[in-house]
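Visitor: Just so you know, the sequences run in chain order A and B.
Okay, so the first sequence: first residue is 1 according to UniProt numbering, each after it adds one.
Okay, so the second sequence: first residue is 1 according to UniProt numbering, each after it adds one.
Keep in mind the hints are simulated off the structure, nothing from the lab.
Just so it is clear, CB atoms sit at the ideal spot from N, CA and C, and this is done for glycine as well.
Treat the hints with care, since some could be wrong.
[To be verified] Among chain B residues calculated to face chain A with C-beta under 10 Å, some are: (1) Cys11; (2) Asn13; (3) Pro211; (4) Arg248; (5) Asp250; (6) Val306; (7) Trp325.
In case you want the letters, here they are:
Number of protein chains: 2
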Amino acid sequence: FFIRNHLPVPCINLKDYSLDLQLPSSNVSLSFEDLQNKFKKSSVTAVTQCAGNRRSEMVLIKPVKGLNWGISAIGNAKWTGVALEELLKHYDVDIETVRGKYIVFEGLDKQEDGSPYGASIPLELARILKNDIIIAYEMNNVQIPRDHGYPVRVIVPGVVGARQVKWLKKIYFSSEESTSHWQRNDYKGFNSSIDWHNVNFDKSVAISQLPVTSAICDPVEGAELEEDAEEVTVKGYAWSGGGRGIIRVDVSADGGQTWHEAQLKPNGQTPYKSYAWTLWEADVPLPRGINKTTLICKAVDISYNVQPDSVEGIWNLRGCLSNAWHR
Amino acid sequence: FFIRNHLPVPCINLKDYSLDLQLPSSNVSLSFEDLQNKFKKSSVTAVTQCAGNRRSEMVLIKPVKGLNWGISAIGNAKWTGVALEELLKHYDVDIETVRGKYIVFEGLDKQEDGSPYGASIPLELARILKNDIIIAYEMNNVQIPRDHGYPVRVIVPGVVGARQVKWLKKIYFSSEESTSHWQRNDYKGFNSSIDWHNVNFDKSVAISQLPVTSAICDPVEGAELEEDAEEVTVKGYAWSGGGRGIIRVDVSADGGQTWHEAQLKPNGQTPYKSYAWTLWEADVPLPRGINKTTLICKAVDISYNVQPDSVEGIWNLRGCLSNAWHR
């Protein structure tokens, strides 16, 4: 499971920890014990993916700003805690009717000037997700490791990692997006003719739900097959934002001339609430008489969204949203 | 607004019309007057699109089965009637808890053997759409024209036209999809290596929500510009299934080397319930010293889904889901 933070990882003593809810008519401060004991326990199994996953493929075309992630800035885990909707209901706040346009989350990780890491999601999106948004205090049935947000992190399934604030300290409603750098001036998409001289971050919509993606994990790049191999077993992951389940993965060993449909491993989720990834496997015949080939995969989600063919078509200055056919 | 029917258009006398609801504990028959007078009036403005829209671009690569639609098998209209959720609630049926996996719709249009046109949507999807599904008796504030389903049609916004049954006669819940040809053996997607010799319709998921698309409507193909023109004004539509609003449209006049962001006309809808299309316009500089150019457009939706680059990558035997960059 990848690790990414923008500010130094805070050192938190559980006894001192509190989660602050700024509600329309009251402010509430909850201890870790309160979170564990006062509310029903809820879980969600979900992918968390950095917007910069597979950025390394964009770098090959033209330099971009950001960490040079391969295909591994993604992880899948079971998160357990309190459903946000349930938590609010306890304090008589109905997520359907509460005023505001955004829910803002702030962490305990701080910039040099003392201001915290922050992110927000539109209330419209929170109302769609309802009790799938979890204020999590467990990751895979144990306390959340420090690098993943100990003791408390918000999980907003289907949404980019940057909005799933770790070391969660404060939740409030606002008529505006979080004013943080990462909400306003980062994690946005642009077309490939926008560069650092003409970019206007105000004109682009903050990334929330992520598009369909997939990647080949095995064999790894450069792997050698047996000399007389007639086929190759290919394995990987596929996932789409917004809970959209994966319905097909195609694999090609001849540059996209011929496609083979992979076997999808059931992930136990329903087509429109498929927050977990789908692992897949395909036995793909190798073209005859060659000694080198490039494998390609591409996935289709329940809305029949497909991955774009080329990195060129989606290249952007921040190297985000890199979801072209994986080669 | 395009017209498409699979069976002969029925001739319906309003006095004889009834809508039959087969509910878990009762059967209800509603006259047109009942529909108009017994329930709250609700409206939705939504795109209806044939899965075969832009099939003509797939035909250029390899023959496909289906009508040779250009970019016009799509329409946008205001539909008014009774929200399905509301209608069911009136008869004490809660869409959240009712048993079954699908809602099935049947029309008054019949095959030679007397069986009706039918379609279904997963109950999971109906629960997401809730009161946005309309049992419509008005189109753009007047009675629905005969070709569009007079007197009653179901509107399931964000979903392919084939599921939005016209001349609606019957609604029921089932553990199975509609058994109609168009649900089971048509309107499904396949990869481009599947042909009529190896196709297995059972293995593919029925098309419901459609992926992001856009098209250039003006100038039309073959249009001549003024001799000394330095730029061209390009206009078109963009839309995505599932209520996903359009956040960007890019236009290129140099084969995708340079992209210009179009102005989007507000459609009055919210980002995650944007069932109407988004019209757009862009002034695009023309490359110097050429006397012929191909314009390209591509759109991005709120989940940052993009259109695929090529028709080759999405070609399928039925010519469905043709949403590559429009050239």
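Visitor: Against this structure, judge whether each hint is valid.
Guide: Hint by hint, here is what the structure shows:
With a cut of 10 Å, the hint placing Cys11/B at the interface with chain A is violated, because the nearest CB-to-CB distance is about 35 Å. Because the closest C-beta pair between Asn13/B and chain A is about 39 Å apart, greater than 10 Å, the hint is violated. Hint status for Pro211/B relative to chain A: holds, with the closest Cβ pair at about 4 Å, below 10 Å. At its closest, the beta carbon of Arg248/B sits 7 Å from a beta carbon of chain A; the interface hint therefore holds under the 10 Å criterion.
Checking Asp250/B against chain A: minimum C-beta separation of about 5 Å stays under 10 Å; hint holds. Annotation: Val306/B was flagged as interfacial toward chain A, and the flag holds, the nearest CB pair being 5 Å apart, inside 10 Å. Because the beta carbon of Trp325/B sits about 8 Å from the nearest beta carbon in chain A, less than 10 Å, this interface hint is met.
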